[in-house]
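Peer 1: Sequence:
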Amino acid sequence: MSIRRDFTTGIRWSLLGSVFAAVVALVQLLVMARLLSSTDFALFALVNLVLPLFMQLIQSSLHSAIIHHQSVTAAQLTSLFWLNLLGGLALALLMALAGPLMAWLFRAPALSGLYAFSGLILAVLGASVTSRALLQKALDFSRLALAQALASLLSFGLAVWLALAGFGAYVLPAALLARYTVEGISIVLLSPFRPALQFRAAGLRPFLRFGGFQSGERLVSHAVGQLDTVLVGKFLGMEALGIYDLMKRVLIRPSNLLSELVERVAFPTMARIQHRQGILRRFYLKMIGQLLPINYWAYGLGFALAPLLSGWLFGPQGAPYTGLFRLICLYAMLNSITNPLDSLLAAIGRIGHWMYISLAYLPVLALAIWLGLPFGISGTVAAILLAHLALVGFSFATALAPLLKMPAKAYFGALARPAVHVAPLVLAGALLLEWAKGPYALIAAVVTALAFAGLFIMLYPDVFSVIKIRRPGKRKALW
1 MSIRRDFTTG
11 IRWSLLGSVF
21 AAVVALVQLL
31 VMARLLSSTD
41 FALFALVNLV
51 LPLFMQLIQS
61 SLHSAIIHHQ
71 SVTAAQLTSL
81 FWLNLLGGLA
91 LALLMALAGP
101 LMAWLFRAPA
111 LSGLYAFSGL
121 ILAVLGASVT
131 SRALLQKALD
141 FSRLALAQAL
151 ASLLSFGLAV
161 WLALAGFGAY
171 VLPAALLARY
181 TVEGISIVLL
191 SPFRPALQFR
201 AAGLRPFLRF
211 GGFQSGERLV
221 SHAVGQLDTV
231 LVGKFLGMEA
241 LGIYDLMKRV
251 LIRPSNLLSE
261 LVERVAFPTM
271 ARIQHRQGIL
281 RRFYLKMIGQ
291 LLPINYWAYG
301 LGFALAPLLS
311 GWLFGPQGAP
321 YTGLFRLICL
331 YAMLNSITNP
341 LDSLLAAIGR
351 IGHWMYISLA
361 YLPVLALAIW
371 LGLPFGISGT
381 VAAILLAHLA
391 LVGFSFATAL
401 APLLKMPAKA
411 YFGALARPAV
421 HVAPLVLAGA
431 LLLEWAKGPY
441 ALIAAVVTAL
451 AFAGLFIMLY
461 PDVFSVIKIR
471 RPGKRKALW
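Taking the working numbering, the leading residue of the sequence shown gets 1, the next gets one more, and so forth.
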């Protein structure tokens, strides 16, 4: 089967599993917003200062090394399995040890138990990461989609039951634990890989070197991603952190899920063509050319409908934060530009490059947030927007241009084209919503949404080409 067909089939299966899981996760988050308090979300936001980092270390270091290296022996796979398992257990222990420190730092005693409980997720992940990497490398996304869908459904049911039973902040990590346990067991059973009772260090050096750079990149990227949470919680208080974290998680999650969906298939595909620079460059431009219009138009619609959506999605606590809602929509647009870059650099074995870019960006982001804090949560997000805009230009100049010989005109044209198309419609929709009051607001929202959908389909028919079944004689080349 050709690379093009492998990629398209993988996208379809990944889309099926991810869309189902995303819908379940979004419904779960909205239900939890009504069953849990803002304090519960704030506590879990503080758990997320560490938990996502440790999860990424397990899921992206040796996992990515297995996918990047095209030749891996059975002995190497077995040894990597035991390393992943021990790594998961070690990180679970570190998570438990970090709990009392975080509880003291944020004066929140509940964090001690929450950290220890959340560490169980890491132990579960360590046992399944090797099987997951092999299925992803083979672009066998039908089995991954089945495991993902089943796990999402069961974790949603458990989350609702625990929330109604009054388990408070423990509901969110418990749902994650259930999800990754069910998903991990399913993946191990569906994968043909079975580890042996042996460990050989010989031949692991290339994997450990790649995994070391990947882990370093994850550490720095996590620091960048959580810096706003730390500073907002410390200087603006738990109430501001609660509404900000909830709104950010709900709004940015769809964009991140879309990016993960595509990158999950694109990463092993780009690894296969890593030495064919021209093809790789065209593939990357094609990928962002289909991702960015979806993000720009979806969040442009969110920006226009913010007066209604902020209240509908988040209840009474979200209604006064229309401005914050719009700023986070703009941030999600910018974030979608840089999201796929780490997968590209990992595919060509240059993930350390992204680590250095993130290290340079970290003090810039810290300064921007510090300057925005006196203006409240909205001022802070506006400052983050400006910093991320600088990151877009810096990452092109230091990564895409020198490593991929990416032409500036082609790249920035791909970024600007959907923005130019959607901007007038966003402005018109926002003005219409400001004018329409009472029952007319709903009519204005429906008209705006239909206009967005109709024009998007007219302007970007190629976006649907991945999921459209074509006759063999009429299939367009992907690169």
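Do not take every clue at face value.
What the hints assert, rightly or not - Once the Cα atoms are required to be at most 30 Å apart in a straight line, the calculated BS3-like pairs of lysine-lysine come out as: (1) Lys286 - Lys409; (2) Lys137 - Lys286; (3) Lys248 - Lys286; (4) Lys137 - Lys405; (5) Lys248 - Lys234; (6) Lys437 - Lys286; (7) Lys248 - Lys437.
Claimed, not checked - Listed next, with one range per pair, are the computed distances between beta-carbon atoms: (8) Phe412 - Gly454: 37 to 47 Å; (9) Phe375 - Arg107: 18 to 28 Å; (10) Leu197 - Ala449: 49 to 59 Å; (11) Ile279 - Pro461: 15 to 25 Å; (12) Asn256 - Pro100: 39 to 49 Å; (13) Ala201 - Leu93: 21 to 31 Å; (14) Val420 - Gly157: 38 to 48 Å; (15) Gly379 - Ala74: 52 to 62 Å; (16) Gly323 - Phe412: 40 to 50 Å; (17) Gly454 - Val31: 39 to 49 Å; (18) Leu197 - Arg350: 32 to 42 Å.
To be clear, the hints were calculated from the coordinates, so they are not data collected in a lab.
From the three backbone atoms N, C-alpha and C, an ideal C-beta is built for every residue, glycine too.
Peer 1: If a hint holds in the structure, say so; if it doesn't, say that too.
Peer 2: Verification of the hints:
1. Only pairs whose Cα atoms come within 30 Å are accepted, and Lys286 paired with Lys409 is accepted, the gap being roughly 14 Å.
2. Distance restraint check for Lys137 and Lys286: the Cα-Cα separation of roughly 21 Å lies within the 30 Å cut-off, and the hinted pair is therefore satisfied.
3. Proximity of Lys248 to Lys286 is assessed by CA-CA distance (about 28 Å); at most 30 Å being required, the pair is judged to hold.
4. Between the alpha carbons of Lys137 and Lys405 the distance comes to roughly 26 Å, so the proposed pair stays at or under 30 Å and holds.
5. At most 30 Å may separate the alpha-carbon atoms for a hinted pair to count; Lys248 and Lys234 meet this at roughly 17 Å.
6. Of the supplied pair hints, the one linking Lys437 and Lys286 is violated, its CA atoms being roughly 42 Å apart against a limit of 30 Å.
7. A C-alpha spacing of about 27 Å is found between Lys248 and Lys437, which places the hinted pair at or below 30 Å, so the restraint holds.
8. Judged by the Cβ atoms, the range 37 to 47 Å given for Phe412 and Gly454 is violated: they are separated by roughly 27 Å.
9. For Phe375 and Arg107, the Cβ-Cβ distance of about 25 Å falls inside the hinted range of 18 to 28 Å, so the restraint holds.
10. Our hint of 49 to 59 Å for Leu197 and Ala449 holds, since their Cβ atoms are close to 58 Å apart.
11. Hint check: Ile279 to Pro461, Cβ distance near 24 Å, so the stated range 15 to 25 Å holds.
12. Separated by about 31 Å at the C-beta atoms, Asn256 and Pro100 break the suggested range of 39 to 49 Å.
13. The hint said 21 to 31 Å for the Cβ distance between Ala201 and Leu93, and at roughly 23 Å that hint holds.
14. The supplied range of 38 to 48 Å is met by Val420 and Gly157, whose beta-carbon atoms lie about 44 Å from each other.
15. Distance hint check: the CB atoms of Gly379 and Ala74 are about 56 Å apart, consistent with the given range 52 to 62 Å.
16. In this structure, Gly323 and Phe412 break the distance hint of 40 to 50 Å, their C-beta atoms being roughly 28 Å apart.
17. Here the CB-CB span from Gly454 to Val31 is close to 31 Å, at odds with the stated 39 to 49 Å.
18. Distance hint for Leu197 and Arg350: a CB-CB separation of about 36 Å, consistent with the stated range 32 to 42 Å.
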